[in-house]
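2 protein chains.
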Amino acid sequence: MNIELICSGSELLTGKLNTHASFIGDKLNDLGVNLSLITTVADRKNEFAQVLGDAVKRSAVIIVTGGLGPTFDDITVETVSEILNVKTYKDENVAKAIVQYFEKRGIDCPAANNERQAQILEGAKVLENRFGTAPGQMLHFVYNESENKKVRKTIFLLPGPPKEMCPMFEENVLPFMRSYQIKMKKTLVLHICGMAESLVDEKIKPTIDYLSANDDVEFAILAHQFLIDVKVSVSGENELTIDDTIKNINQEFVNVLGDNIYGYDEDTLEGVIQKMLIETKKTVSVAESCTGGLLSAKLTNTPGSSAVFKQSVVTYSNEAKIQMLGVKAETLEQFGAVSEETASEMLTGILNLSKADYAVSITGIAGPDGATKDKPVGLVYIGVSYKGNNEVNKFKFLGTRSDIRARAVNVALDSLRRMILKTKNVRVKK
Amino acid sequence: MNIELICSGSELLTGKLNTHASFIGDKLNDLGVNLSLITTVADRKNEFAQVLGDAVKRSAVIIVTGGLGPTFDDITVETVSEILNVKTYKDENVAKAIVQYFEKRGIDCPAANNERQAQILEGAKVLENRFGTAPGQMLHFVYNESENKKVRKTIFLLPGPPKEMCPMFEENVLPFMRSYQIKMKKTLVLHICGMAESLVDEKIKPTIDYLSANDDVEFAILAHQFLIDVKVSVSGENELTIDDTIKNINQEFVNVLGDNIYGYDEDTLEGVIQKMLIETKKTVSVAESCTGGLLSAKLTNTPGSSAVFKQSVVTYSNEAKIQMLGVKAETLEQFGAVSEETASEMLTGILNLSKADYAVSITGIAGPDGATKDKPVGLVYIGVSYKGNNEVNKFKFLGTRSDIRARAVNVALDSLRRMILKTKNVRVKK
Chain A
602 MNIELICSGS ELLTGKLNTH ASFIGDKLND LGVNLSLITT VADRKNEFAQ
652 VLGDAVKRSA VIIVTGGLGP TFDDITVETV SEILNVKTYK DENVAKAIVQ
702 YFEKRGIDCP AANNERQAQI LEGAKVLENR FGTAPGQMLH FVYNESENKK
752 VRKTIFLLPG PPKEMCPMFE ENVLPFMRSY QIKMKKTLVL HICGMAESLV
802 DEKIKPTIDY LSANDDVEFA ILAHQFLIDV KVSVSGENEL TIDDTIKNIN
852 QEFVNVLGDN IYGYDEDTLE GVIQKMLIET KKTVSVAESC TGGLLSAKLT
902 NTPGSSAVFK QSVVTYSNEA KIQMLGVKAE TLEQFGAVSE ETASEMLTGI
952 LNLSKADYAV SITGIAGPDG ATKDKPVGLV YIGVSYKGNN EVNKFKFLGT
1002 RSDIRARAVN VALDSLRRMI LKTKNVRVKK
Chain B
602 MNIELICSGS ELLTGKLNTH ASFIGDKLND LGVNLSLITT VADRKNEFAQ
652 VLGDAVKRSA VIIVTGGLGP TFDDITVETV SEILNVKTYK DENVAKAIVQ
702 YFEKRGIDCP AANNERQAQI LEGAKVLENR FGTAPGQMLH FVYNESENKK
752 VRKTIFLLPG PPKEMCPMFE ENVLPFMRSY QIKMKKTLVL HICGMAESLV
802 DEKIKPTIDY LSANDDVEFA ILAHQFLIDV KVSVSGENEL TIDDTIKNIN
852 QEFVNVLGDN IYGYDEDTLE GVIQKMLIET KKTVSVAESC TGGLLSAKLT
902 NTPGSSAVFK QSVVTYSNEA KIQMLGVKAE TLEQFGAVSE ETASEMLTGI
952 LNLSKADYAV SITGIAGPDG ATKDKPVGLV YIGVSYKGNN EVNKFKFLGT
1002 RSDIRARAVN VALDSLRRMI LKTKNVRVKK
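As they're listed, the protein sequences go chains A and B. Residues 602 to 1031 (my numbering) are what the first sequence spells out, left to right. Residues 602 to 1031 (my numbering) are what the second sequence spells out, left to right.
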């Protein structure tokens, strides 16, 4: 059975990364029903019609993303209508929902939205768009493979914006595709921080080599801004055997990676920290400089963060460091704003101000300007404190301004996590 | 003339991001010779042969990435050989180069590498791989379009690893493609904020409709978290004519969109604001609540931000709003933390603290928890002040917690931009 993805959008032919292809490919792979083909085509009718015509011939399931919006280049519904020879109609419920979507925002619904986006293929199931106006559609249709052979096929039309497409795919396409799953498949993702990718690879290699003859077990390793994910996929006919295999592999990895594993599957570093702080009824505050608010933004990313996060300051200038955090003018003069001493006084200052249990400070040079002879771009001091016991470490990050800021934030979060582990012995368990 | 890209690699169908597609799409687009199609296919012979056969029929130039390695699933050369009916031979120079590549690293060359990777299509030009062992190939071939019509076509075979593919593409494919650049091409991207996508579409539609008969002019519209991009591409033989057309289209758009256009091409909202503040020698400070530091992070995103941004506070709790910003306890009690009054007192507080010229404040409910009967998730007050003249507006954003935070930040940036325009009459000019 062929499952094929068509991504419509001229921007995908001129340099935009196709994140839909990787999202959908990954989700289907988790089910064990892989995509057989991905085609990216411009949102011009002739070309899209050609691709769609070929897809209808060769594949049992066709997933189309993009081209459902209200503008002139949104041609998906009318092209599918022509290729499959299925009429469209204006669905009054969909039209109403679109009007309501705009009403909620206090805007009059533009006529084009209502007319164009409410066009539904006859016989299609409307897929609710909880995050936008263009509904999706699922249509079963009959394809005449030869004079005597009729085949039932299915096409999904999904909106282009990832925020709208991803939940719609998970809520509608995945449940449908589950019926195509031959073997059961489960995955476990381990999240690791505080080790180089090559060291993680070296540590887990014996386990991977031992299992490499087993076709039912797959491994993948992925690193991004100092966070490393190891994905374990196990297939089989028996759920208990699969669970057992995953459990054993995880145990092997815990033995060699220990506390460097900060979480599993949907866990985030900031989410794990929040959970540990809530469990121990502690709070955290932040004083940051070169990261400009990114660390605070991460620590308030997870719903419920107000229980552990009260306040933070972004002290970009020396003046602000002195005035808001009580960093000494002499310290700044003698050691500079980017120094162990300043990072430490920032910790003391934010703890005095906030009365939080934990504090984190960051001061560094994100670049591309601001380097001096002794202090290169990428030099960052990261401090973490529990009740006034300050620890400051020096780092030298490579990459662009935005790499350096992202890496500093991840290392700062991991430093906080390790300080909480050390001071309270709270661990993430699986 | 059709140029088509085939990416061979099963990993691209199971979740790996296709960075080749965006790299090649972007580089060709800069030349004005766009890809017409991208197909991603597994490295299995039948499927790859099917895709390749279709491509040979419809396209004048075919670029294939991947499948040139030494292992069993590296099937590109043998499949191309079969589909085009062109023999292969072992190229002794290539074989020697591969052996030398391994020798340099002190490794014996595995026999498979030598045999498989040295197979070259008869008549093909060998493309040197400076960063790996598999050479690329360029082959011109004749395709019989009909009995009387023979067409000359070209196929490029490039290796899969990005560090090998990218330089080989730039050194060999780009110079070749330049000969296909019949027309010159230029693009202009307009960045817009403060209008719904459909309203932007409505405003620019007359211009687009007027020019729709002209094949040399293309438009694309793209919206993300309340920021809207309109991309105008103009091709032609004469650079002056192209520049003129772009200038006229831009003028039409400026007439209908006015100050809603915040920038062009590489401009970002925060970058434009930074430029205006530097030009007028003003500074800005921020007091944020539900956005948790995201607004500050944006305002420090652009190199050189320390000239305009001194400090900010994230006052997540009521206590912090009182203590750090001097928001009155009675205000919080009477109107609540999410209110026009609190947003306004936050402005006054951060201006007093920072002595900045402009201030921005955000207070709202990012959700999913925290809503009350009168105050739903997504309710956000955004304040902006110039020297104590406070303006606060109320918004109701839909979407996830992260949508609401991202939209609040973009609207806050735009409010600041409009306040700067109003108070200083500084405009971004093109």
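The hints are simulated quantities; they were obtained by calculation from the structure and are not laboratory data. Some hints here could point you the wrong way.
Put simply, identical chains are the same to the list, so a pair is met inside one copy or across any two.
[As the list claims (entries may be wrong)] Below, a list of computed lysine to any residue pairs in the SDA-like style, where the Cα atoms sit at most 25 angstroms apart: (1) K628 / K832; (2) K832 / L618; (3) K726 / I847; (4) K784 / E934; (5) K750 / G733; (6) K697 / C710; (7) K764 / A696; (8) K956 / R706; (9) K804 / A821; (10) K764 / S623; (11) K658 / H741; (12) K956 / L858; (13) K688 / N990; (14) K754 / A650; (15) K658 / G837; (16) K876 / L740; (17) K929 / L1022; (18) K751 / I684; (19) K784 / E838; (20) K806 / E679.
Keep in mind that this is a model prediction, so the values were computed, not measured.
Hints and how they fare:
1. Proximity of K628 and K832 under a CA criterion of 25 angstroms is satisfied intra-copy only: 13 angstroms inside one chain copy versus 32 angstroms between copies.
2. Both within a single protomer and between protomers do K832 and L618 lie at most 25 angstroms apart by alpha-carbon distance, with minima of 23 angstroms and 16 angstroms respectively.
3. For the identical chains of this complex, K726 and I847 are neighbours neither inside a copy (38 angstroms) nor across copies (43 angstroms), given an alpha-carbon limit of 25 angstroms.
4. In this assembly of identical chains, the alpha carbons of K784 and E934 never lie at most 25 angstroms apart, being 66 angstroms within a copy and 59 angstroms across copies at closest.
5. Proximity of K750 to G733 under the C-alpha cut-off of 25 angstroms is found in neither arrangement, the shortest distances being 40 angstroms within a copy and 49 angstroms between copies.
6. For the identical chains of this complex, K697 and C710 are intra-copy neighbours only, at 10 angstroms inside a copy versus 68 angstroms across copies, given an alpha-carbon limit of 25 angstroms.
7. For the identical chains of this complex, K764 and A696 are intra-copy neighbours only, at 21 angstroms inside a copy versus 49 angstroms across copies, given an alpha-carbon limit of 25 angstroms.
8. Taking the closest pair of Cα atoms, K956 and R706 never come within 25 angstroms of each other, the shortest separation being 40 angstroms inside a single copy and 35 angstroms across copies.
9. When the C-alpha separation of K804 and A821 is checked against a cutoff of 25 angstroms, the pair qualifies only within one copy, where the shortest distance is 14 angstroms, while the shortest distance between copies is 48 angstroms.
10. Proximity of K764 to S623 under the C-alpha cut-off of 25 angstroms is found in both arrangements, the shortest distances being 14 angstroms within a copy and 20 angstroms between copies.
11. Taking CA atoms no more than 25 angstroms apart as the test, K658 paired with H741 passes inside one copy only; the shortest distance there is 14 angstroms, against 31 angstroms between copies.
12. When the C-alpha separation of K956 and L858 is checked against a cutoff of 25 angstroms, the pair qualifies neither within a copy, at 34 angstroms, nor between copies, at 49 angstroms.
13. In the homo-oligomer, the alpha carbons of K688 and N990 never lie at most 25 angstroms apart, since the shortest distance is 71 angstroms inside one protomer and 58 angstroms across protomers.
14. For the identical chains of this complex, K754 and A650 are neighbours both inside a copy (17 angstroms) and across copies (24 angstroms), given an alpha-carbon limit of 25 angstroms.
15. With identical chains, the CA atoms of K658 and G837 are never at most 25 angstroms apart, being 28 angstroms at best within one copy and 38 angstroms at best between copies.
16. Taking the shortest alpha-carbon separations for K876 and L740, neither the intra-copy value of 43 angstroms nor the inter-copy value of 51 angstroms comes in at or below 25 angstroms.
17. Taking identical chains as interchangeable, the C-alpha atoms of K929 and L1022 are never at most 25 angstroms apart, the minima being 31 angstroms within one chain and 38 angstroms between chains.
18. For a Cα distance limit of 25 angstroms, the shortest separation of K751 from I684 inside one copy, 17 angstroms, qualifies, whereas the shortest one across copies, 31 angstroms, does not.
19. In the homo-oligomer, the alpha carbons of K784 and E838 lie at most 25 angstroms apart inside one protomer (5 angstroms), although the nearest pairing across protomers, at 58 angstroms, exceeds that limit.
20. For a Cα distance limit of 25 angstroms, the shortest separation of K806 from E679 across copies, 20 angstroms, qualifies, whereas the shortest one inside one copy, 50 angstroms, does not.
Checked against the numbered hints above, the structure breaks hints 3, 4, 5, 8, 12, 13, 15, 16, 17 and satisfies the rest.
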